[in-house]
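J.: For reference, the chains in residue letters:
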Amino acid sequence: MMLQAEKPVVTLKEHIVEIISDSGEGAQRCGQSLGSIAARMGNGIWTVEIIPAEIRPPARSVAGASGNRIRIGAGRITNGGDETDLVVAFNEQVLLGRVRDRELKPGCTILLENMWRSHKDPTVAASYKEAYDRLVAAGYKVHEVPMEKECLALVNDARRGKNMFALGMLCSIYSLDLALAREQIAITFGKKERSVIDANIRLLDAGHAWAEAHLDFKYRIPATRSTVPQIVVNGNTALALGVLASGMEICAMYPITPATSASHYLSDVFEKVGGIVHQAEDEIAACAFAIGASYAGKCAVTITSGPGYSLKQEGIGLAVMCEIPLVVINVQRGGPSTGQPTKAEQGDLLSAMFGSHGDAPKVVMAASTIEDCFYSVVTARKIAETFNMVVVVLTDAGLATSQQPFPRPQFSESWLAPPIDQTPVPEGTKPYDWDPATGLARRIVPGQPNGMHTITGLAHDRLSHVAYDPDANQEGLRMRSLKLATLQKSLKAPPVVGGDSGDLLVIGWGSTQGAIEESVATLRAEGLNVSSMHLRFLQPLPPGIKDAMQRFKTVMTIESNWGDSPQDEIIDENNRRYSALAMLLRARYLVDVDCWTEVRGQPIKPGSICRVIREKLKPGAKPVTKKLKAAKS
Amino acid sequence: MNTATECLLRLVEEHHELEDYQGGVPRWCTGCGDNAILAAVQRLCRDENLRPEKTVFVSGIGCSSRFPHYMRTYGFHGIHGRALPLAEGVKMSRPDLQVFVNTGDGDCCSIGAAHWIHALRYNMNMTLMLHDNQVYGLTKMQASPTSPKGTKTNTSPRGSYLDALNPLTVTLGVQNVSFVAQVVDWIPEVLFDVVRAAFHHKGFSFIRIIQRCPEWLPRMFEPVLHDTNRVLLLHHADGLQLSESLTRTYRKQLEHDPSDIHRAREIASGSDPIPVGILYRNPEVPCYEETRHAGQLTTPAHVRAALETELDKYTVWPQQA
Chain B
1 MMLQAEKPVV TLKEHIVEII SDSGEGAQRC GQSLGSIAAR MGNGIWTVEI
51 IPAEIRPPAR SVAGASGNRI RIGAGRITNG GDETDLVVAF NEQVLLGRVR
101 DRELKPGCTI LLENMWRSHK DPTVAASYKE AYDRLVAAGY KVHEVPMEKE
151 CLALVNDARR GKNMFALGML CSIYSLDLAL AREQIAITFG KKERSVIDAN
201 IRLLDAGHAW AEAHLDFKYR IPATRSTVPQ IVVNGNTALA LGVLASGMEI
251 CAMYPITPAT SASHYLSDVF EKVGGIVHQA EDEIAACAFA IGASYAGKCA
301 VTITSGPGYS LKQEGIGLAV MCEIPLVVIN VQRGGPSTGQ PTKAEQGDLL
351 SAMFGSHGDA PKVVMAASTI EDCFYSVVTA RKIAETFNMV VVVLTDAGLA
401 TSQQPFPRPQ FSESWLAPPI DQTPVPEGTK PYDWDPATGL ARRIVPGQPN
451 GMHTITGLAH DRLSHVAYDP DANQEGLRMR SLKLATLQKS LKAPPVVGGD
501 SGDLLVIGWG STQGAIEESV ATLRAEGLNV SSMHLRFLQP LPPGIKDAMQ
551 RFKTVMTIES NWGDSPQDEI IDENNRRYSA LAMLLRARYL VDVDCWTEVR
601 GQPIKPGSIC RVIREKLKPG AKPVTKKLKA AKS
Chain Y
634 MNTATECLLR LVEEHHELED YQGGVPRWCT GCGDNAILAA VQRLCRDENL
684 RPEKTVFVSG IGCSSRFPHY MRTYGFHGIH GRALPLAEGV KMSRPDLQVF
734 VNTGDGDCCS IGAAHWIHAL RYNMNMTLML HDNQVYGLTK MQASPTSPKG
784 TKTNTSPRGS YLDALNPLTV TLGVQNVSFV AQVVDWIPEV LFDVVRAAFH
834 HKGFSFIRII QRCPEWLPRM FEPVLHDTNR VLLLHHADGL QLSESLTRTY
884 RKQLEHDPSD IHRAREIASG SDPIPVGILY RNPEVPCYEE TRHAGQLTTP
934 AHVRAALETE LDKYTVWPQQ A
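Respectively, the protein sequence lines represent chains B and Y.
Sequential numbering from 1 applies to the first sequence in my numbering.
Sequential numbering from 634 applies to the second sequence in my numbering.
Derived from the structure by calculation, the hints contain no laboratory data.
Hints should not be assumed to be uniformly reliable.
Unchecked claim - FRET-style restraints, in silico, Cβ to Cβ:
| # | chain 1 | residue 1 | chain 2 | residue 2 | range |
| --- | --- | --- | --- | --- | --- |
| 1 | B | D101 | Y | R754 | 42 to 50 Å |
| 2 | Y | K946 | B | T227 | 18 to 26 Å |
| 3 | Y | P790 | B | R577 | 38 to 46 Å |
| 4 | B | S481 | Y | H649 | 33 to 41 Å |
| 5 | B | A209 | Y | P919 | 43 to 51 Å |
| 6 | B | P122 | Y | I750 | 50 to 58 Å |
| 7 | B | T227 | Y | L930 | 35 to 43 Å |
| 8 | Y | K946 | B | F217 | 32 to 40 Å |
| 9 | B | G358 | Y | D871 | 46 to 54 Å |
Built from N, CA and C at the ideal position, the CB exists for glycine as well.
Generate the whole structure from the sequences, applying the supplied hints.
T.: In C-alpha cells, the structure reads:
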C-alpha cells in the first residue's frame with residue numbers, strides 16, 4: 001500500500017521511543033544518534049541504555065534485548081519517564097522481553113522486522129507468527145517492516161546497516177531534520193572512510209523514504225533551541241570530564257561494572273593534561289595507590305562500584321585517620337554481593353557514610369543529574385583538599401549510562417588544585433596543628449623542608465606520634481569529627497520544590513530527582529498539596545531540613561534501596577527497616593518520616609511515584625489494609 | 634622525568650650527619666634484626682647525603698613497619714599489606730622523591746602478596762626491604778608463610794604444617810623483576826653494601842633480609858650463627874666485592890654474575906647454606922612511572938585546552954564547525 005505524500009502530523013508534548021535488537025546489531029548506535037539529532041533540533045531528551053547482562057547473549061532471546069530508549073520532549077526532560085510509546089524491534093523475541101518487564105505502554109506502536117515470518121527454519125517462523133498474533137491480540141499496534149529486504153537492496157550485509165534504516169524511519173515519524181541526521185551520521189562514523197559514511201546515509205534516506213511511503217502516522221515534537229551551548233554526555237563521561245576539570249592528576253581504578261566506562265574515557269583523554277589512569281591489581285591497591293598519590297601531591301581519585309567500594313573501606317579509614325584528601329566515586333549498582341552489575345540502585349548510602357571500622361567521618365555527596373556528575377567531582381576535589389578529608393561521590397548505573405543535554409560548562413581556573421606546596425615549614429609547626437574550633441589543620445606535603453614526620457593509621461597526637469594516652473585519642477576523634485560540622489556550616493539549605501508548606505514533603509537524593517520533581521508537578525496540577533526536596537549532601541546534611549519538614553503534615557522519602565513495606569503481614573513499627581535516607585532523617589530530626597522504595601533495578605518511574613503519592617494522600621482509593629494470608633482449605 | 638618540584642633550585646649544598654636521619658627511639662626488642670637494618674639505612678642516607686625532606690619511608694603493619702617512625706624523613710606507616718600500593722602512589726605522584734618500603738614476611742608475603750607480585754611488574758624506582766623474621770611478632774608468634782615447616786607457634790603448637798614459601802624464587806619468577814638480593818642481619822657489612830647497591834639500582838629493588846627474632850624464635854638461627862659455613866657469599870666484579878675480613882670469616886663463596894637469571898634462580902632455590910648477596914640485577918627494565926609520565930605538565934592552560942576540545946565533541950547546540 002503506497003500512501004499519499006501528505007499525511008496529518010500530530011503534535012506531541014513528548015514521546016518515548018526505543019530501538020531494540022540482539023547484541024551487536026547496532027540498536028545502541030541508532031538510539032544514541034536519534035537522541036543526538038533530537039537534541040540538536042532543540043528537543044529535551046533523556047536516553048537510557050538497554051543492556052543485556054552478557055556480552056553476547058544468544059541471538060533472538062527474550063533476555064537479550066540490547067538497545068536504547070529515548071524520551072523526547074518539547075521542553076527539558078529530567079528522567080527516563082514511564083512506559084514506551086513506540087518501539088522498533090529487530091526481532092520479536094527481544095520485544096517479548098520488554099513486554100514481560102512491563103516496559104511498553106499498553107497499545108503502543110511497534111515496528112517489527114518481518115523477515116522472520118518467512119524464515120527457512122520453521123520453528124523460527126512459527127515463533128514469530130505466534131508472537132505477532134499475541135501482540136496484536138493484546139492490543140499493540142504492530143507494523144511489520146521489511147527492514148532486511150529493503151537494506152539488502154543497498155548493502156550486502158543487512159546486519160550492518162539496519163540500524164541506520166531504522167534511524168531514517170524514526171526521522172520520518174518524528175519529522176526530524178534529515179540534513180541534521182546526515183550530519184550526525186558523518187559525526188558518528190567520523191573515523192571511517194567516506195564510503196562507509198555514504199553507505200549509511202543511503203540507508204538512512206531509504207528508511208526515511210520507506211516510512212514516508214508506508215506509515216500512516218507522523219508526529220512532531222516542538223523544539224526550542226537553548227540560547228546557551230548545550231552538551232550531551234552520559235553520567236560516566238560527565239564524571240570523567242569532572243576529574244579532568246578538577247585538576248586532579250591521578251585516577252587509580254580496577255575494572256568493575258558499571259563504573260569502568262568513566263575510566264575508559266579518562267584513560268583516553270587524561271594524559272593530554274599530564275594525568276594518569278592507573279589500573280591497579282585490585283580495588284584495595286587502587287584505593288591505596290590513590291591515597292599514596294594524594295599524600296605526596298595533589299588529591300587523587302579512585303572510581304568504583306559497590307563491591308569495589310566494600311573492598312576499599314579499610315583504605316578509606318586510613319585516609320580519614322591520616323587526614324589525606326581523597327575523592328572516591330561509587331557508581332552504585334544493585335547489591336548486595338555481586339547483585340545486579342548493570343542495574344541501578346541506591347543501596348550504598350549507609351556504607352558510604354558509616355563504612356570502615358571505628359568512627360571514620362567523611363563527606364558523602366550524591367549527584368542528582370548528569371550535569372551534577374560533572375560538578376560534583378570538581379566540588380569534591382575542592383572539599384577534599386580544603387578539609388583534608390575523604391569525599392565520597394555517589395552516582396548510579398542509571399546516571400552512568402543515561403544521556404541528557406545540559407549547558408556546556410564554562411571552565412574556571414578556580415576549579416583546579418593549587419600547585420603542591422614545597423616551601424619550608426616554619427620551625428615548631430606540628431603536623432596536626434588542629435584548630436580547636438574547626439578541626440582544620442594545614443597539610444604538610446613531602447618535599448617541604450623542616451616538615452618531616454611520619455603519618456600513621458595508629459592513634460596519634462598533634463606531632464603525629466603514636467599515642468595511646470586517653471586524651472590524645474579523644475582529641476583526635478574530636479578534631480576529625482569537627483571538620484564535618486565546619487563544612488556543614490558552609491552549606492545552603494536545599495530548596496523546596498512546589499509549595500513551601502502543605503500535606504506532603506517528598507525527600508529524595510541522587511538520581512531520582514528528575515522523576516520526583518516531575519511527579520510533584522503532575523500531582524500539584526491535579527490539586528494535591530505535595531512538594532519535594534532533594535539532597536546533594538548526605539554527610540553532613542545541609543541546614544533547613546527540619547524547618548522544611550515541620551511545614552508539612554507528612555514527610556516521606558522515595559529511594560531505590562530496600563525498605564520494609566508496612567503492608568507486609570509481619571512488619572510493624574517495632575521491626576520495620578526504613579530505607580537509608582528515611583532512617584537517617586528519623587534519627588537526626590526525630591520526625592516520623594515514612595518511605596517508599598523500589599529495587600527493580602530500573603530507575604523509578606514518575607508514574608510509580610504519582611501512584612504512590614496519590615494513594616498516600618487519598619487513602620481509600622485503593623484498600624490499604626494489610627494483605628493477610630488467607631488460610632488455604 | 635619532568636615534575637615541577639624538580640625544577641626547584643638547591644642553592645645551598647647541605648651536609649647531613651647520622652643524627653639528621655634519626656627519628657624516635659626504636660622500640661624493637663633488644664637483639665631484634667630490625668635495629669641492624671635501621672643502622673644500615675641511616676648510614677646509607679648519610680653517605681648518599683639524601684635530603685630528608687625528599688625521602689619517604691612507607692610501611693605496612695608489623696614490627697618491621699614501625700621503621701618510618703625511627704627515621705627523621707617523611708614516613709607513611711600504612712595498613713597491613715598495603716605498603717606497596719601506597720608507595721607506588723607516592724612515586725607516581727612524585728617521581729622526585731626517594732621511596733623506600735619496609736615490610737615484613739606477613740605484610741609482604743601473606744596479606745600483601747598480590748601487591749608484591751604486581752610491584753615487581755610495575756618496577757617502579759624504589760627499594761623494598763623485606764624484614765623476614767619468619768614469624769608474626771607484633772601479634773605474638775603465629776606462623777608466617779616463611780616459617781620453616783614444623784615451627785612451633787601459637788597457631789601451630791605442634792609445628793607448622795606447610796613448607797615455607799621462598800620469597801626469592803617467587804620474586805625471580807615474576808616478569809619485569811629487576812633487582813633481587815638476600816642478606817642476613819648479622820653480617821652488617823654485606824647488609825649495608827646490598828642496601829647501597831639496591832638504592833643505586835634504577836627500578837624496583839627487592840631485598841630479603843633474614844633477621845633474628847629474639848623474642849619469639851630465639852634459637853631459630855643459632856646453628857647458622859655458630860657455623861659460618863652455612864652462609865654462601867655471592868660476589869662478582871659487577872656485584873659485591875668482599876672485604877678481606879669477610880672472606881676470612883665466611884669461607885663459602887661463589888662468584889655469581891647478577892645478570893644471569895637462570896643461575897640466580899638456581900641459587901635462590903638453596904637455603905643451606907644461605908645465599909647472601911646480589912642474585913639478580915637488570916638495569917634495562919623500564920620503570921612504570923617513566924613509562925606512564927608522558928612529560929606533559931598539568932597546567933591551567935593545558936586543562937582548559939583539553940577540556941574545551943572534549944566539550945566540543947559533545948556540544949549539540951550551537952553546532953561546532
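J.: Against each hint, give a clear statement of whether it holds in the structure.
T.: Do the hints match the structure? See the list:
1. B:D101 with Y:R754: 42 to 50 Å: Holds, since D101 of chain B and R754 of chain Y (Cβ atoms, about 44 Å apart) stay within the stated range.
2. Y:K946 with B:T227: 18 to 26 Å: holds, 21 Å
3. Y:P790 with B:R577: 38 to 46 Å: For P790 of chain Y and R577 of chain B the Cβ distance comes to about 45 Å; the hint holds.
4. B:S481 with Y:H649: 33 to 41 Å: Since the Cβ atoms of S481 of chain B and H649 of chain Y sit about 40 Å apart, the hinted range of 33 to 41 Å holds.
5. B:A209 with Y:P919: 43 to 51 Å: violated, 57 Å
6. B:P122 with Y:I750: 50 to 58 Å: holds, 56 Å
7. B:T227 with Y:L930: 35 to 43 Å: Roughly 37 Å apart at Cβ, these two residues keep to the hinted range, so it holds.
8. Y:K946 with B:F217: 32 to 40 Å: holds, 35 Å
9. B:G358 with Y:D871: 46 to 54 Å: holds, 51 Å
The structure shown violates just one earlier hint, number 5.
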